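A.B. asks: Residues per chain, in single letters:
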Amino acid sequence: MDNILSWIIWIPIIGMVAIGFVPRGQQDLIKKIAAVTTGIQLLVAVMIWITFNPTDGSFQFMERAEWIPSLGIAYILGIDGLSLPMVALNALIAFLGVFVSWNIDRAVKGYFALFLLLDTGIMGVFLSLDFFLFYVFWEVMLLPMYFLIGMWGGPQREYAAIKFFLYTLFGSVLMLIALLALYFACGKTFDMLLMMERAPFALDGVVWWGMSAIKVIWVLLFIGFAIKVPVFPFHTWLPLAHVEAPTAISVVLAGILLKLGVYGMLRINYTMLPDAVWWFAGAFAVLGMINVLWGAMCALAQKDLKKMVAYSSISHMGFLLLGMAAVIAGGAANGSNLMAAQAGINGAVFQMFNHGTISAMLFILVGVIYDQAHHRDIEGFGGLAAQMPVYSGIVALAFFAGLGLPGLSGFVSEAMCFIGAFPVFRTIVIISTIGILLNAAYFLWAFQRMFFGKLNEKYTGLVDINRRELFTVVPLLAITIFLGIYPRPFLDMIKETMNVLIDQVVIVGGIAGIF
Amino acid sequence: MDSLQTYLFISAILFSLGLYGVITRRNGIAVLMGIELILNSANINFIAFARFGGMNLSGQVFALFVIIMAAAEAAVALAIIINIFNNLQTVNIDEAQQLKL
Amino acid sequence: MLINYALGILFLPLLSFIILILVGKRLPRQGDWVAIGSVLITLILSLAMFGSMLLSHDPGFSHEASIEWMDLGAFRIELGFLIDNITIVMLLVVALISTMTHVFSIKYMAGDIRYSRYYAYLGLFTFSMNGIVLANNLFSLYIFWELVGVSSYLLIGHWFEKDSAADAGKKAFLTNRVGDIGFFIGVMLIFTALGTFNYGEIFQGVAQGDMAGTLLTLAGIGLFMGAIGKSSQFPLHIWLPDAMEGPTPVSALMHAATMVAAGVFLTVRLFPIFTPEALLFIAYVGGFTAIFAATIAITQNDIKKVLAYSTVSQLGYMILAVGTGAYIAGFFHLVTHAMFKACLFYGSGSVIHAMHHALHNKHDHDTDPQDMRNMGGFKSKMPVTYWTMVVAALAISGVPLFSGFLSKDAILAGTLAFGTHHPQHFLLPIFGFGAALITAFYMFRLIFMTFHNEPKLPELYDDINESPKEMTFPLVLLSTLSVFIFYTLPYFNPLSDHGWFMELVKAKDSMVPGNPSAHEIAEGIHHSHTLTMILSTLVAALGIFLSWSVYLKKRISADAWAEKLTPYYNLSLNKYFFDENYDKYLYQPLLRLADRISFIDWELYDKYFINGFGHVTKWLSFLTGRTDYDGLDQTIVDGLGRSMSKAGSTLKEVQTGRLQNYMLFALFGVVIIVIFQSF
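For the protein sequence lines, the chains are L, H and C, in the order given. In terms of our numbering, the first sequence is residues 1 to 515. In terms of our numbering, the second sequence is residues 1001 to 1101. In terms of our numbering, the third sequence is residues 2001 to 2679.
A portion of the hints provided could be inaccurate.
[Said to hold, decoys possible] For lysine-lysine, the following BS3-like pairs were computed, each having C-alpha atoms within a straight-line distance of at most 30 Å:
| hint | chain 1 | residue 1 | chain 2 | residue 2 |
| --- | --- | --- | --- | --- |
| 1 | L | Lys454 | C | Lys2362 |
| 2 | C | Lys2584 | C | Lys2456 |
| 3 | C | Lys2379 | C | Lys2107 |
| 4 | L | Lys458 | C | Lys2025 |
| 5 | C | Lys2554 | L | Lys454 |
| 6 | L | Lys454 | C | Lys2162 |
| 7 | L | Lys303 | C | Lys2554 |
| 8 | L | Lys303 | C | Lys2584 |
| 9 | C | Lys2362 | C | Lys2107 |
| 10 | C | Lys2162 | C | Lys2107 |
| 11 | C | Lys2381 | C | Lys2362 |
| 12 | C | Lys2584 | L | Lys458 |
| 13 | C | Lys2456 | C | Lys2553 |
| 14 | L | Lys215 | L | Lys188 |
| 15 | L | Lys303 | C | Lys2607 |
| 16 | C | Lys2381 | C | Lys2456 |
| 17 | L | Lys454 | C | Lys2584 |
| 18 | C | Lys2362 | C | Lys2162 |
| 19 | C | Lys2456 | C | Lys2162 |
| 20 | C | Lys2381 | C | Lys2553 |
| 21 | L | Lys454 | C | Lys2107 |
| 22 | C | Lys2362 | C | Lys2456 |
Just so you know, these hints were derived from the structure itself, not from any lab. Quick caveat, the model's predicted, so the values are computed rather than measured.
Based on the sequences and whatever the hints tell you, model everything.
C.D. replies: Rendered as structure tokens:
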């Protein structure tokens, strides 16, 4: 059990090396190795989930080793209630992703090797507590993604891949600047725990080019992370990347990669620059509102199913931003409404997880129909409910989850985000609730066009969802339903950490004062 | 007529004749002979400066060295010319331009 | 014990849903017995609860139980049950109508390709409806509120091969969502102000004045928005008539008796927190809907459409009652209306079933089996259906001796009392009585067109047969329950609504300061009771008489009047063009806006702005590339090299390989040096 976090990060690398030694032509063996590797990783994640102490809001399973001591860089890992669900989600999605990719037949070795590398990169980001290490993993994750989209994607894959890469790299560069600024401000250390203690006070009153340094760093970090989320107006890489990426990669993109941005904001912006949260919360709420409405409106207009789901992700991330903005309700200026702050921030993290499962499910389902029909044009189907009853039932459930139906997990988190943000951002929340309607509109409309009506003559040959595909969807579906009915097992794991986070923003941010 | 200028004058004529021979003759042997003239004009200068310049015997010593060196030079140069003749069937030095790129 | 009953009532239908959706097709008889069994047990449990309510005879009875669903420290959500007399009565209504629907559907849906799916969805609906009834807080109410929406969506779209059915399901869901947004905003307003979702705590908070004034009014109107959507009130009434695309038993259960009544139930539950302004808003919405929908019902020819608009109108009645403070009367009407309206729907289902069979035998797929213009004279062929429907029609028209009279009377008395108290709102009683008149008229128009006169399609007439027992049994039972006696016991007075209902289901005082107390409202109703009774009976009689003379005796020609009033007739026939206008001014612009935004996003913003960065960067790099290569590298760096090499190749000419030349050069050199030396 020692070094369990290191294990969970590096296990995929072991698999990757093993895949490297597989002789040419043994594609099944490669897939099996990938499945076993991610399976073990998932088991380790479950073990962490079980042994995690939910009453402790600080970091657990800490690991610490020297790396480059002269520059204050170390190998520090730790997990808390914020990263725990993300680690579990990543392990699950990666495991299912292998099965989603089972039909890959071109350059199998490279595909799975890169897939496992991607897995390691993401895991590393969630678990690093050294900013430099964090940044390294952040970049490690970028490269396999580029190749996975660019080599195994759709017709416009090169364009999509390069766009994704440049967009994200642009963000990374801004993040690097902020990282260095924080490094020097905090006495030349990359240790995040130290930075969380020092950064809120270290930059007080520092002015760069006539602007508060805190604001500058905050904005740099924000843009860096916002591109990943994606927050309007940094969102246009997402539909393209989703449409062009192979199914499993869309799943990983929507399921986990988008969460990295939010994770980064909560982990770094909120803890290291808590006073700026006060300054920026309004913008968060407004951007959240725009995300909700803009994403939903765009989704309503789409003819391509995958693009519609991609835009729905943008809309769903908007709810999450609203929840994140709610944290300032806990401050004295807003009547110390701890209730709203807790609802909002827990709702946001819950929404991260739920969107991970739901959008992953949606993309897998899009892939199922695409594999058979070789197109994703919503208008091109019709009447599939009679032809593929099980598939249409599952799609219905997934769509309902997407439109926030009570009883499914998406509703709980969306409602929490709204309830949390309402006291402080009343008008914005009320406008955003239109998003609830629009979400329902495009999901139901798409469902009707694809599954209802007369069966299209072309598709009498389609067969229902097969066992492998069911195996990839059912776990996500089960989680969605379970957490929709009874969210406590999840929320109990994260709530202490969220309280720590709220305290950091409200109390430390309050002491540090606004600039 | 017993003055330095006279000797230098003779030496200069001798040198010019030698130089003329070196520059204008195509025949390797003739060129060699021109060089002998130049060397001997130098000898005359050495002796003349030693006699009129009050330089003890160093002028004469140098002249002796030059005579010895001229003999050695003639031997080496003639060997080269024989080799050129063996290779090119001529002693015309214009023909011997293999070193030129 | 009641809690255990309630748990059973709630979760048995859910269990049936899960079983049927997973293995329904593989069970014998496609598993309909699972659904019927489970719903029968809920009926028995509801009856047991009802019995215990009658026995204990305690108007103030109330029992609550909760579980902690979410606990984040400060933010907590408790979900639970509230069992009081309203709950128990409502549970019984739901269980009864649901059971009847299950029984009715055995034959009505026989042979359907998704028979087990249909029963599964009925289970889901019953579960969610019971959830609404049992909820003790706004949060779980909202959860079940949406879930009934989904079951409604699924059941309306049961025959999804028809585009109209699929459209109707979607429309129902989305229209409801509009209302739900308001509801959710109301919930958030209340939670923000009072920090709780629990009814009791909310009432307490309002009573203490923690929330008052405009905020409370807005919250009330927000919550009422949910009711507008679910109970199909103006201007969100458009979905209910379309919902008739679903199977008729579903229409009876959801779109007449129970689900649409959920909105009324909500306003009844939350009555104590509505401010006078909110109540006035509610009253006007309800009253206007009542008369507005009734005027549409007059001209409809589709038998189910008539009933649908009648439902909208009756729901308006109930809402009107809540708005005028007589909310128990509204709830009473909900109960009686559930019985006779379900009966009417089953009756229409029975007729449609018979028509369908007759058309099927004739291989006629073009004639509309629901159009009353194709019917007529069914009285002798379908006597059970006829007589039960007549009873129900009398009840809905508010004729004495029937249940509808009692409840309608109570509502109209409340309205009249309100009108007398506040003369400026004289329109409300006019709405009420006017709607009553029209209701009586169009209900008997339906009866006469369907069952009397000569058959319009004689070739079909021979094939029309009475429906099987599974279908007539619910008709008989429900028409029996439309008789006054079941509501006035232990008294026997057909003219007074005093009975177990009014004794056990007592009005609560409003918690909002300034609202009249329950006692004052009851006094007002009592005072206007006699006048109302006379007026409403007259109105009902007049309506029936008119209908009789137009459609049975043909003394007045309907066509001639339609001719005379063409503009109004067309308005009514086309439902005041609401669908068309919504389509033109709402949906189409929205879709166009969506297209526009998507275009901006993808074609303009992304292609020009975001890619613009790329283009600018590319252009810049091209420029630097040119400068670097052409300018710097080629001209300066390489240029130096090239000039050297050029110099070299020029100078190499000097190297002739001729010794004499070199000598000559040396000579020149010496000469030059000498010349320089000499100066």
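A.B. asks: Output the numbers, in ascending order, of every earlier hint that fails for this structure.
C.D. replies: Result: hints 2, 5, 7, 12 break, sorted rising.
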